[in-house]
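Asks: Let the hints inform the model, and build the full structure from the sequences given.
Line order of the protein sequences matches chains E and Z.
So for the first sequence, this note's numbering puts the first residue at 1; every next one is plus one.
So for the second sequence, this note's numbering puts the first residue at 1; every next one is plus one.
These are computed hints drawn from the structure, not numbers from a lab.
One thing to keep in mind: the hints can contain errors.
Claimed, not checked - Reference listing, derived: stretches of chain E covered by chain Z, where coverage requires no fewer than 3 residues with Cβ under 8 Å from a Cβ of chain Z: (1) 158-172; (2) 230-242; (3) 346-358; (4) 367-374.
Stated by the list, open to error - In silico lysine-lysine, BS3-like type, Cα no more than 25 Å apart, as pairs: (5) Lys-70/Z <-> Lys-32/Z; (6) Lys-79/Z <-> Lys-117/Z; (7) Lys-172/E <-> Lys-79/Z; (8) Lys-130/Z <-> Lys-185/E; (9) Lys-129/Z <-> Lys-70/Z; (10) Lys-103/Z <-> Lys-130/Z.
Note that the Cβ used here is the ideal one computed from N, Cα and C, for glycine as well.
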Amino acid sequence: MKKLSGFLLVIILIIVSSTTPAESVEFVISDNGNNSSNTVTTSIQESTTVSQQNAGSIENHVDSNANTGNNTTSTNTNNNTTIETGSISEQVSLTNEINQSTIDISCCPSDPASSLTITGNGENSTHTVSLSLISQNSLTVNQQATIQNNVNGSANTGNNNANNNNGNVKIKTGDVTITDKTINKNVNNASISFYTNKNDFKIKIAGNADSSTNMIALALRNDITSTINNAAHITNGNFWSLTTGDNNAFTNNGDIYMETGGINAYIVKVNDGINIGKVAMVCCKEKEENENEEAVTPPPPPPGIPPTIPPPPPSSSINPPVSSNNGGIGGSGQVLGASVGGEILPVTGTSWWLFATIANILMFLLGLYLRMRAGRSPCYEHTK
Amino acid sequence: MAFSFFGLLFIYFPLIKVYFFPPQPLLPPHTKFSIAIPKINALAPVVENVDPWSRDTYQLALEKGVAHAKGTALPGEHKTIYLFAHSSDDPWKITRYNTVFLKLGLLDLEDEIVLTKEGIAYTYRVREKKTVPPSSVEYLMNLATDQLILQTCTPPGTDWQRLLVFADPV
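Replies: This is the structure:
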């Protein structure tokens with residue numbers, strides 16, 4: 001009885017991963033005579049190189065100035081001199097976004113399975129099929145961003161002078177409120193999505209004569225190099241001069257009353273989503289099985305590191321108000337400043353309830369499972 | 001199983017207490033600034049001028065009641081008043097006042113909120129409710145409008161989002 005296979009040697013070598021270039025091949029060694037020898041060696045290589053370069057520069061210069069002060073009234077002979085200045089409210093808002101890169105290497109159309117067959121060969125024959133599939137992929141994203149924000153502002157309701165007046169002098173200055181918001185977000189965001197093709201192989205060694213030697217060697221290699229270089233240089237400069245004081249009242253004959261307005265300064269600098277890189281590799285076969293799922297998208301960038309909180313804006317001169325017949329330098333102001341960089345609203349809840357609940361539910365289910373698996377309690381048998 | 005049951009009981013004790021055994025609304029003596037929300041049976045003292053950016057500072061203040069954000073207005077100043085309080089806290093820290101905003105999400109439009117300061121009552125009516133991410137700090141910045149903003153974390157038991165209730169003076 002003829003043996004269906006004599007000396008059978010099959011070596012399948014898989015070097016790296018299970019993915020291969022999208023290529024379908026077929027090798028057949030069959031119906032060769034006794035003492036024949038055949039060797040098939042094939043190497044298939046493919047490479048993909050994608051490079052994306054982004055370089056951007058943004059400069060914002062904002063000057064914001066408002067003045068209701070710098071008033072002078074002097075040498076009035078009428079009774080009672082009054083200087084009353086209006087309030088100032090200024091708002092500056094800057095938002096920058098730059099350099100977004102997306103590389104999406106999609107799936108190739110699926111190929112039929114590669115086929116490697118050695119069949120029906122004679123006695124003492126030697127047949128070898130060697131197939132090497134190499135895929136090399138290089139994906140590079142280089143992004144460079146330079147952002148410079150300069151906000152220079154001033155608001156003045158003070159610097160008023162009332163000198164040498166006959167009668168009472170009243171100086172009342174308005175409030176100063178500034179809101180300065182600088183947001184740099186989504187700067188140098190890169191996303192690389194790479195879908196790898198997966199080939200099938202049909203390998204058959206059958207129906208060969210006694211003492212034939214047959215070998216199929218398969219080497220698969222898939223190299224993927226993804227590089228994301230992000231460099232962002234961000235400078236946020238916010239300089240404000242805010243004055244409600246510096247008022248003078250000299251050599252007036254009457255009483256002097258000074259009331260200086262308050263200063264509210266809110267400066268917020270947010271750097272959010274700076275230099276974010278994401279690389280995702282998904283097998284095409286998995287993608288086909290999940291056709292209804294959306295394409296992989298970059299996750300929301302994590303909050304950026306808060307920048308250094310700048311010093312509070314300069315305040316008016318803080319001196320107690322004076323009331324006298326001889327005049328003097330007076331000024332008092334209440335400075336309320338909040339300089340915030342990248343902060344969040346106050347945390348007014350706990351963060352562990354959900355996890356503790358899940359842990360307890362799991363414990364409960366585990367206990368229930370163990371209880372049911374154990375069957376009746378031993379005590380039941382005893383009391384029975 | 002029993003352990004996990006009692007564990008759940010321990011974790012949700014604050015919720016159970018508020019919904020099934022609500023404490024009698026009471027203020028500490030000599031309270032000068034307080035907030036009352038009749039719809040959700042909330043009554044608590046307000047701690048003034050609490051730094052909203054310093055977690056250590058405001059966590060201490062929140063154990064005593066509702067915190068008033070430093071830099072925002074006080075009743076009668078006709079600008080934005082910003083108050084915040086816990087909706088949930090660790091069970092061993094629960095006091096009468098520090099989860100006063102647990103049921104804040106139950107407020108509807110036109111519900112009343114009363115702030116009392118130095119014996120004068122200021123009434124507000126709810127205009128809007130909003131759920132925002134924690135990074136929405138602009139609500140603590142634009143303070144020119146005469147309104148009241150109440151803030152707490154949502155959903156209760158987490159610190160994922162912030163529930164803001166906006167109310168206008170009556």
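Asks: Each of the hints needs a verdict: does it hold here or not?
Replies: Evaluated hints:
no. : hint                    : result
1   : 158-172                 : violated (count 0)
2   : 230-242                 : violated (count 0)
3   : 346-358                 : holds (count 10)
4   : 367-374                 : holds (count 3)
5   : Lys-70/Z <-> Lys-32/Z   : holds, 17 Å
6   : Lys-79/Z <-> Lys-117/Z  : holds, 15 Å
7   : Lys-172/E <-> Lys-79/Z  : holds, 21 Å
8   : Lys-130/Z <-> Lys-185/E : holds, 23 Å
9   : Lys-129/Z <-> Lys-70/Z  : holds, 22 Å
10  : Lys-103/Z <-> Lys-130/Z : holds, 15 Å
The structure fails hints 1 and 2 (numbered hints given earlier, in ascending order).
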